[in-house]
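Based on the sequences and whatever the hints tell you, model everything.
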Amino acid sequence: MISNFKSPDLKAPRFKKKALGLLNAKTIREFKDKYPAYENIDNEKLKSIIKIFNRKMWEGVIEYRDGVELPDSLGYLFIGTCPAAKTVNINYALSKQYGKVLTNKNWETDGNVGKIFYTNWATKYRFKNRELWGFEAVRDFKRTMAKTYPENWLRYVFMKNKYRIAQLYSAKTNDLE
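Residue numbers (the numbering used here): 300 to 476.
Keep in mind that the hints were calculated from the coordinates and are not lab data.
Listed next, the in silico DSS-like pairs over lysine-lysine satisfying Cα-Cα at most 30 Å (straight line):
| # | residue 1 | residue 2 |
| --- | --- | --- |
| 1 | Lys355 | Lys427 |
| 2 | Lys333 | Lys355 |
| 3 | Lys414 | Lys404 |
| 4 | Lys461 | Lys441 |
| 5 | Lys399 | Lys446 |
| 6 | Lys355 | Lys441 |
| 7 | Lys350 | Lys414 |
| 8 | Lys414 | Lys446 |
| 9 | Lys305 | Lys385 |
| 10 | Lys316 | Lys461 |
| 11 | Lys404 | Lys461 |
Pairwise CB distance ranges, derived in the manner of DEER restraints:
| # | residue 1 | residue 2 | range |
| --- | --- | --- | --- |
| 12 | Ser302 | Lys344 | 51 to 61 Å |
| 13 | Asn388 | Trp432 | 22 to 32 Å |
| 14 | Ala311 | Ala336 | 43 to 53 Å |
| 15 | Phe330 | Phe426 | 14 to 24 Å |
| 16 | Asn460 | Lys344 | 42 to 52 Å |
| 17 | Phe457 | Gly320 | 28 to 38 Å |
| 18 | Glu343 | Asn460 | 37 to 47 Å |
| 19 | Tyr462 | Asp332 | 41 to 51 Å |
| 20 | Leu322 | Ser302 | 39 to 49 Å |
| 21 | Ala436 | Ala384 | 11 to 21 Å |
| 22 | Glu407 | Ala436 | 14 to 24 Å |
Note that beta-carbon positions come from the ideal geometry of N, C-alpha and C, so glycine has one too.
Quick look at the structure:
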């Protein structure tokens, strides 16, 4: 599948999705109204506490094979090893350098890819509209996972194609019986 590579136009107009930040003044004000005990903590300190907590959570996801359970039974986060996608994964830097389409083969991980999974399927207390909940990792989490995953990729849970996470949990409960 080697063909000529047309490098992307770096000056072309871009679509930028508007980012919604939840650590804004309005959200912090609502939090302090709901929990008056935290009224005397300034906003910057509260933001730093939240960021430190989030960092500890994603460091735990990377460190532990089974991931971590989110507080208040909101779900689970874990890293899974998945087979590579059937579509082409182009390495743009090398393709531009050599003028041919070159792909990433993930040789360090035998062609497997690491993905961050969020599920709220097996939580103790199910909540309303739980299927609408999602998770998007922060940039630091994604980059740290990309660096550490190839070093110990065999440690993480292997997820098959078209395999629901619920089946993973039901298999564990069947082993316990």
